[in-house]
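Based on these hints, arrange chain B on the given structure of chain A.
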Amino acid sequence: MRAIAIKMLFGDSAKFYGILLGLAFATLLIAQQASIFVGLMSRTYALIEETPQADLWVTDPTMLFVDDTKPMQVTALQRVRSVGGVKWAVPMFKSLLVAKLPSGARQLCDVVGVDDASLIGAPAKMVQGDTSVLRRPDTIIIETRGARTRLAQPLNPADPAGPKRPIEVGEELELNEKRAVIGGIAETKPTFQAVPTIYTTYSRAIGFSPANRRTLSMILVKADSPEEIPALRARIERETGLAVYTPRDFAWKTIDFWMKQTGIPINFGIAIALGFLVGVAIAGQMFYNFTLDNLKYFGAMKAMGATTPALLGLVALQGAVAGALGLGLGLGVTSFVGLSIPEDKLAFKMTWHIPVIAAGAVIFIVVAASSFSMRKVAKLDPAEVFQG
Amino acid sequence: MTAAGASISCRGITKTFGSGDATVRALRGVDLEARYGEVMALVGPSGCGKTTLISILAGLLQRDEGDLSVLGDDPSLMSSHQRTQWRGRNVGFIFQQFNLIPQVSVVENVAVPLLLQGTRRREAIERSAALLAEVGLRGREQSRPNKLSGGQQQRVAIARALVSNPRLLVCDEPTSALDGATGQRVMGLIRDIATHGERVVIVVTHDERIYHFADRIAHLDDGKVTHVSTPAEALAESAARMGDAAGRR
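From first to last, the protein sequence lines stand for chains A and B. Numbered per the numbering used here, the first sequence spans residues 1 to 388. Numbered per the numbering used here, the second sequence spans residues 1001 to 1249.
The shape of chain A in the complex, shown without the other chains (with noise of 0.2 Å):
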């Protein structure tokens, strides 16, 4: 009787169809929009992600989130490096500046500087170059979004509007007046402001600021094992006063802020439970009506010796396959989507979480779905077939 059941389901094109995207519909709309979702907060934290080096992160106890520097004095990585168990401790700056390009346009840009000695915290990809250009004289990291896009120069210089080239390795910035040669050019993770970030040494990057007392952004620690991190956490909290994370603490502190202070989780909330309600409203409704046009073939069945829990079970196969098909679909088309669109357009990130939600959700849905559609039909009585 399953495939009978589930010819059932294909054989009424129309309302199948109908079921089908409604759950696909469903689908797409809450994978896409938790996806971006995730991938905009994934976006907030791009630079811990780009910094795997360190164990932990240390910043003033009032930072907020990553972007929300609040310089601290020089003096706080001597204090740093004198706590017992850690390994290294370097220093990063980070800030935004404003670059005078070749052309003469000025574009906000996101500079952070690494450690001189070690440059831990130069991005781990580069596209042309290596990160040891930035021990020569003046000279920078772009990445590829930022050389082709923000960045990207007019192909005739007279017209500045016209069509554009990726900035190259060799051209020149200005950073606060200061001369800044492009080095090389880095592959990195979007970031959520979508500047141009510019990486170079911390002591080229202080001096690509306005003058300033305090300097030092972050300090990046790393710990003598891997076991003594939690407490060394702790001990540096302790003597120094300073906030201490590690790089997943950091990025949940990150993500918590843009959760917490801005709105768009409600905003994709809202998309999410749209999706939710699209798909209640036409897939849920679309089945029920699906099992009301087949109840007297299910009537007929009764008559003719099949069990209440017998067609229950025929319309849950249905309301299973119909919800497998749907969820399917819209993971693929928002999996598609999402892949086929480049990163830099689309904050895009499915991670294993998303399909669980999605398919929690279809799953729902095609349970009331079902459970409406299941009451119909164990109340049905069998003496209604002879009522015509």
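Source of the hints: derived by calculation from the structure; they are not laboratory data. By construction, the Cβ of each residue, glycine as well, lies at the ideal position given by its N, Cα and C atoms. Hints may be right or wrong, so weigh each one.
[Claimed, not checked] If we take Cβ atoms under 8 Å as the criterion, some of the chain A residues that face chain B in the derived model are:
(1) ALA117
(2) ILE120
(3) LEU312
(4) GLY313
(5) VAL385
[Said to hold, decoys possible] The calculated DSS-like cross-link candidates involving lysine-lysine, where the alpha carbons are at most 27 Å apart (straight line), are:
(6) A/LYS379 / A/LYS296
(7) A/LYS94 / A/LYS345
(8) A/LYS260 / A/LYS94
(9) A/LYS296 / A/LYS376
(10) A/LYS376 / B/LYS1224
(11) A/LYS94 / A/LYS349
(12) B/LYS1224 / A/LYS7
(13) A/LYS100 / A/LYS164
(14) A/LYS15 / B/LYS1224
Relative to chain A, chain B alone:
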């Protein structure tokens, strides 16, 4: 006690629906017997209780009072689950509107009762195809029901009703959705292939043109069997009524 050779025996069967002012006494003490190998027609005006009676005989409804024996059992004394299983084993149904599942093939429609009883799909399909050949639908096994004429659809319904070899065949207005000639052919088919010594066929009908396919005709009125006649007697009574009505006009 069931009379010798009687497959169905009803004594004083009553059935009431609703309560209070909405009470409907559908059956008011039905007495009826039908024998194995017999085709019995139930006739009478609309609302006389024909459908209620066949629903009780087929184990779809439970009687309120009276003695009932259908194929040696009283399905009204069974639990709902037991009656469902009893129907599956013993009763074949032919419905007024065929009730064929439009999304599946003709042969699968016929196989439904077997599949519901747990018969393996392959065996069910083979047996169904054989029965379709018997009702003259060889070569149409994979057609969808809506591609067949009304008469062909009713043949499929006959095959479906007989595929599990039931001992009671219940036909509810089997010709009402068919033209006269097709109705005759369908009833002829039921008479030819459904009737044998171990089965009783009950046909509810308003169609006098098929009376002659029945062995006996039970006349119901106001919830009771008023009398049982032969087809010839029933047609004569009908003609007399028509004559009286014409005379009054």
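Given the hinted pair B/LYS1224 and A/LYS7, is their alpha-carbon gap at most 27 Å? Cα-Cα ~44 Å, so violated.
Per the CB criterion, is A/GLY313 less than 8 Å away from chain B? 12 Å, violated
Pair hint A/LYS100 and A/LYS164, alpha-carbon separation not exceeding 27 Å: Status holds; Cα separation ~16 Å.
Holds or violated: A/LYS376 and B/LYS1224, Cα atoms, limit 27 Å. 33 Å, violated
Closer than 8 Å between Cβ atoms is the bar; does A/LEU312 clear it against chain B? Give me holds or violated. 13 Å, violated
Grab the minimum C-beta distance from A/ILE120 to chain B and call the hint holds if it beats 8 Å, violated otherwise. Not OK, violated: A/ILE120 not within 8 Å of chain B, min 66 Å.
Can we keep the A/VAL385 interface hint, with Cβ of chain B closer than 8 Å? A/VAL385 check passes; min Cβ-Cβ to chain B is 6 Å, inside 8 Å.
Tell me if the interface restraint on A/ALA117 is satisfied: Cβ within less than 8 Å of some Cβ in chain B. 75 Å, violated
Taking 27 Å as the top limit, are the C-alpha atoms of A/LYS94 and A/LYS345 close enough? 24 Å, holds
Please work out if A/LYS379 and A/LYS296 have their alpha carbons no farther apart than 27 Å. 13 Å, holds
Regarding the pair A/LYS15 and B/LYS1224, is the alpha-carbon distance no greater than 27 Å? Violated, at about 45 Å.
Restraint check for A/LYS260 with A/LYS94, where alpha carbons must lie at most 27 Å apart: 23 Å, holds
The structure fails hints 1, 2, 3, 4, 10, 12, 14 (numbered hints given earlier, in ascending order).
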